[in-house]
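Asks: This is what each chain is made of:
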Amino acid sequence: DAKTTQPPSMDCAEGRAANLPCNHSTISGNEYVYWYRQIHSQGPQYIIHGLKNNETNEMASLIITEDRKSSTLILPHATLRDTAVYYCIVRVISGGYQKVTFGTGTKLQVIP
Amino acid sequence: DVKVTQSSRYLVKRTGEKVFLECVQDMDHENMFWYRQDPGLGLRLIYFSYDVKMKEKGDIPEGYSVSREKKERFSLILESASTNQTSMYLCASSLTGRNIQYFGAGTRLSVL
Chain U
286 DAKTTQPPSM DCAEGRAANL PCNHSTISGN EYVYWYRQIH SQGPQYIIHG LKNNETNEMA
346 SLIITEDRKS STLILPHATL RDTAVYYCIV RVISGGYQKV TFGTGTKLQV IP
Chain E
29 DVKVTQSSRY LVKRTGEKVF LECVQDMDHE NMFWYRQDPG LGLRLIYFSY DVKMKEKGDI
89 PEGYSVSREK KERFSLILES ASTNQTSMYL CASSLTGRNI QYFGAGTRLS VL
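Chains as they are written, first to last, in my numbering: chain U, 286 to 397; chain E, 29 to 140.
Derived by calculation from the structure, the hints in this document are not laboratory data. We put the CB at the ideal spot given by N, CA and C, even for glycine. Careful: at least some of the hints might be erroneous.
[Claimed, not checked] If you anchor each label on the Cβ, the simulated ranges turn out as follows:
1. Asn304(U) to Lys98(E): 38 to 46 Å
2. Lys46(E) to Leu336(U): 43 to 51 Å
3. Val377(U) to Ala133(E): 27 to 35 Å
4. Gly300(U) to Lys85(E): 28 to 36 Å
5. Asn338(U) to Arg101(E): 18 to 26 Å
[To be verified] The following residues of chain U were derived to be distant from chain E, with all beta-carbon distances above 12 Å:
6. Asn308
7. Ala345
8. Ile359
9. Pro361
10. Arg366
11. Gly388
Let the sequences and hints guide you as you build the complete structure.
Replies: Here's what the structure looks like:
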């Protein structure tokens with residue numbers, strides 16, 4: 286699996302967009318980018334994933350660069366409840382064993 | 029919504045005790061996982077199962093065993109609990125081919 290690099294922490298003002306970067310320069314052509322988050326004292330929660338096109342769902346948007354070596358998760362209007370650790374993961378979609386390696390992620394603090 | 033339920037949120041056990049952590053999912057997922065999470069180390073995979081009665085070792089299986097007698101239930105067993113097994117334990121499940129893991133709320137185990 287490709288390795289990912291994320292900043293250890295970020296702050297964002299409440300109501301503003303939170304842009305969380307992730308570098309995955311060794312990503313392979315068949316690897317997807319996944320984002321999860323973990324709110325304190327809870328299990329990780331899936332947010333979004335994509336291959337090469339930008340993706341949007343009710344939680345967030347995912348922007349993947351054309352060369353696929355980096356991506357950005359965007360929370361358009363951050364709230365205090367978005368304070369969490371955000372994990373960027375790259376992985377193929379395939380049958381069978383699906384090991385997911387979580388790094389240490391980015392701790393996002395949303396400030397009132 | 030997918031629901032992954034872990035039997036206890038908090039558990040305190042004594043050194044040498046046999047400990048059972050139970051996990052149940054309600055979405056007919058083939059794959060189930062046990063992780064532990066420690067500060068600064070992220071999530072580490074202990075064991076996973078891709079079918080009933082099937083199990084595979086993850087990255088840190090030593091001191092643990094698992095049981096999967098029914099598709100919806102995956103148990104983690106600490107044969108003889110030790111203080112270095114004090115940790116947050118997270119269970120997850122996923123559907124083969126989708127590679128999205130759904131996590132339980134976690135069990136915080138303290139071994140005294």
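Asks: Each hint needs a verdict: does it hold in this structure or not?
Replies: Hint check:
1. Asn304(U) to Lys98(E): 38 to 46 Å: Since the Cβ atoms of Asn304(U) and Lys98(E) sit about 44 Å apart, the hinted range of 38 to 46 Å holds.
2. Lys46(E) to Leu336(U): 43 to 51 Å: 45 Å Cβ-Cβ, so the 43 to 51 Å window holds.
3. Val377(U) to Ala133(E): 27 to 35 Å: holds, 28 Å
4. Gly300(U) to Lys85(E): 28 to 36 Å: violated, 46 Å
5. Asn338(U) to Arg101(E): 18 to 26 Å: violated, 38 Å
6. Asn308: holds, 17 Å
7. Ala345: It holds; Ala345(U) is separated from chain E by about 14 Å at its closest Cβ, greater than 12 Å.
8. Ile359: Holds, since 20 Å exceeds 12 Å.
9. Pro361: holds, 22 Å
10. Arg366: Answer for Arg366(U): holds, closest chain E Cβ roughly 16 Å.
11. Gly388: violated, 6 Å
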